[in-house]
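Given the sequences, and given the hints that come with them, work out the whole structure.
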Amino acid sequence: MKHASHSPCLQMKRVLRKLPLLAVFALWVLLAGCGKDSENTLTVLNYGKYLEPEAIEMFEEETGIKVEYEEYITPENMYTKYRAGAIDYDLICTSDYMIEKLIQEGEVQELNFDNIPLKENLDSTYFDFSKSFDPENKYTIPYFFGTVGILYNKDMVDESEVNSWNILWDEKYSGQIIMADSVRDSFMVPLKLLGESLNTTNEQALKQAQDMLIRQKPLVYSYLVDEAQDEMIGNNAAMAVVYSGEAGYALEFNDKLAFSVPEEGSNMWIDSWFIPKSAKQKENAEKFLNFLCREDISMMNFDYVYYATPNVRTREALDEELQENTTIFPPKETLDNCEVLKPLDDESTMKLNLLWKEVKAAD
Amino acid sequence: MVKKSAERIYLTIIFLFLYLPIAVLIILSFNDSKTKVQWGGFTLKWYKNLFSDSTIMAAFGTTIFISLASALFATLLGTLAALGIDAMKKRNQTIMIGATNIPLLNADIVTGISMMLLFVRFTRLGMNTVLIAHITFNIPYVILNVLPRLKQSSRTTYEAALDLGATPFYAFVKIIWPQIRPGVLSGFLMAMTMSLDDFSVTYFTKGAGINTLSTMIYTEMRKGIRPEMYALSTILFLLALVLLLFMNFGPSARKMNKGELSP
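Just so you know, the sequences run in chain order A and B.
Convert by adding 52 to the 1-based position in the first sequence; the result is the number in this note's numbering.
Convert by adding 46 to the 1-based position in the second sequence; the result is the number in this note's numbering.
To be clear, the hints were calculated from the coordinates, so they are not data collected in a lab.
Do not take every clue at face value.
Claimed, not checked - With a straight-line Cα cutoff of 25 Å, these simulated BS3-like cross-link-like pairs (lysine-lysine) come out:
#	chain 1	residue 1	chain 2	residue 2
1	A	101	B	82
2	B	94	A	308
3	B	80	A	394
4	A	133	B	269
5	A	308	B	269
6	A	308	B	82
7	A	101	B	91
8	B	80	A	101
9	A	394	A	190
10	A	101	B	94
11	A	206	B	80
Stated by the list, open to error - Facing chain A, according to a computed beta carbon distance under 7 Å, are these residues of chain B, among others:
#	residue
12	81
13	171
14	269
Unchecked claim - Sample of chain A residues lacking proximity to chain B, with all beta carbon distances greater than 10 Å (derived):
#	residue
15	113
16	228
17	275
18	281
19	282
20	310
21	375
22	391
Ideal placement from N, C-alpha and C gives every residue a C-beta, glycine not left out.
So, in structure tokens, the structure goes:
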């Protein structure tokens, strides 16, 4: 009796000992089983809130391609996500200097423009501007662009002064100035006043710019990025250094606000699409690019994002007043006076970051 | 007298500190203006928009699914693990408890990245990978809640039941389960909250196109949070409040209180 009850128990134990092995094997099969299917998909990586969600649904309906849409916040954020290699992206949208960095690293594929006939809808001017990071225009398609300038409150600021960056050093406005809380945008301002390129690596020029920023610090209300527009809408400050896109948004809420790009020049930014080396569905990506250039889709995206679009047809379809809105659509003269950011080499980046830290730490 | 009012003031300040931000959020969810610095009158439109917004609703659905499913699996596995650990020798027990505590103390970001590295070796990132990751980091919380209950329960009663002819399963249902049930339940709730809260692990293990509320709100930050999110947060807060009230004053509250629910 005793013996009989023991032997199945022993057998059981033998099976149990193999259980962990079995479990690992099962997990392997389970993990290997899910995914790995080469379906008709397209994996897109874009800035947060930078594309009308409805447009994606329309694309899926029209083409039967399933879009996996992923978002990020900063170009650096995108770079780590892409470089981690966990997801094979087919199409990415990001800013000028980051694209240049990726082109230099050999991570970008050439576009086949035969598959993107609607590229014709885009103003060739912006392809010319794109040459600063894509010299032969073979890697990228521009999506939105803009400048950096001064958003100011007409009640608090003398409008004759806003055409120069010098106003940011005027003691009259002590405690009412908002500066950008990012290295390159902040250094751009004094560098332009000094008549230097915003991509300079000349140590003397950078040091001089740093001195100016330290001198300005007592006048600064706060160093902000996204919150700047809310502070301006709430009349909490007289002026702020912001992107033209943000300024256009702020203008909608407070009609005392206005935007100016000082005549010393400024930074022009272009956000463009490119196909990375990791792409598995290059043709689908090109189909999507063509779709984005279509007038109605481009219009939907313009309404959603409200930044300057390089699409001529979309711009022509807007009402006159909006077309003439120089905050959203910087005129060509302004743009010609602007420079596109270039990626700095590692050593200069480190030096610049150190200089900026010293500004932030100064009394 | 002075002491009394000082106490009151102190308490008021603490509660203001805790609840003022939530109050502001709730008020803003009824604000008829897109920007948070202007009051544009009372409106319910953000609530209406919220339910017609497919992005938010998809993220909300994913969040609920992931947190419920992962909490359920983790409770099952965690309870089984706790039973096993409880039956071990003292030395092995210490080792096992230590081993389950390490992932608990480990920084989320380390858990997230290491899981991502493991997953990409075998599969594409997607919903499954998030679910597996959440189950993994939830298990220690369940073990931690169930084990003390098991320690308190008397083993002799269980053995007595066996001696009297009960099958092990029957004895478990009748003797062990009633004693550990509150622990299992609080383990489940804790696992669910942890999963709802999580950002880092989800961020690294999710595939393209899959968002939980936390990862969706993160990407929204770039251009300011949409007022629809205030409405959603208000609803989530009210749900938590209702759940809490129900647990404390509901019909089963007295029974639960006897087996006090740890947070």
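message: For residue 391 of chain A, is the shortest CB-to-CB distance to chain B above 10 Å, so the non-interface label stands?
response: Consistent with the label, residue 391 of chain A stays out of reach of chain B, its closest Cβ about 24 Å off (over 10 Å).
message: A closest beta-carbon separation below 7 Å is what the hint needs, so does residue 269 of chain B meet it against chain A?
response: holds, 5 Å
query: Does residue 282 of chain A really sit off the interface, with its C-beta more than 10 Å from all C-beta atoms of chain B?
result: Given that some Cβ of chain B is not farther than 10 Å from that of residue 282 of chain A, nearest at about 5 Å, it is violated.
field: Given hint residue 101 of chain A paired with residue 80 of chain B - CA-CA distance at most 25 Å
entry: Cα-Cα ~15 Å, so holds.
- request: Answer holds if the nearest beta-carbon of chain A is closer than 7 Å to that of residue 81 of chain B; otherwise answer violated.
  value: holds, 5 Å
message: The output says residue 113 of chain A does not contact chain B. Does that hold with a beta carbon cutoff of 10 Å?
response: holds, 14 Å
message: Just to be careful, I want the Cα atoms of residue 308 of chain A and residue 269 of chain B compared with a cutoff of 25 Å; is the pair within it?
response: Holds, at about 22 Å.
field: Reported absence of residue 375 of chain A from the contact zone with chain B (all CB gaps over 10 Å)
entry: Holds: least Cβ distance 23 Å, greater than 10 Å.
field: Outside-interface status for residue 310 of chain A - nearest CB in chain B farther than 10 Å
entry: holds, 17 Å
- prompt: Is it the case that residue 281 of chain A keeps its Cβ farther than 10 Å from each residue Cβ in chain B?
  reply: violated, 8 Å
- prompt: Within 25 Å, alpha carbon to alpha carbon, are residue 101 of chain A and residue 94 of chain B?
  reply: At roughly 20 Å apart (the allowed maximum being 25 Å), residue 94 of chain B and residue 101 of chain A satisfy the hint.
message: Can you confirm whether the C-alpha distance between residue 133 of chain A and residue 269 of chain B stays at or below 25 Å?
response: Between residue 133 of chain A and residue 269 of chain B the Cα gap is close to 20 Å, so the pair holds against 25 Å.
The structure fails hints 2, 3, 18 and 19 (numbered hints given earlier, in ascending order).
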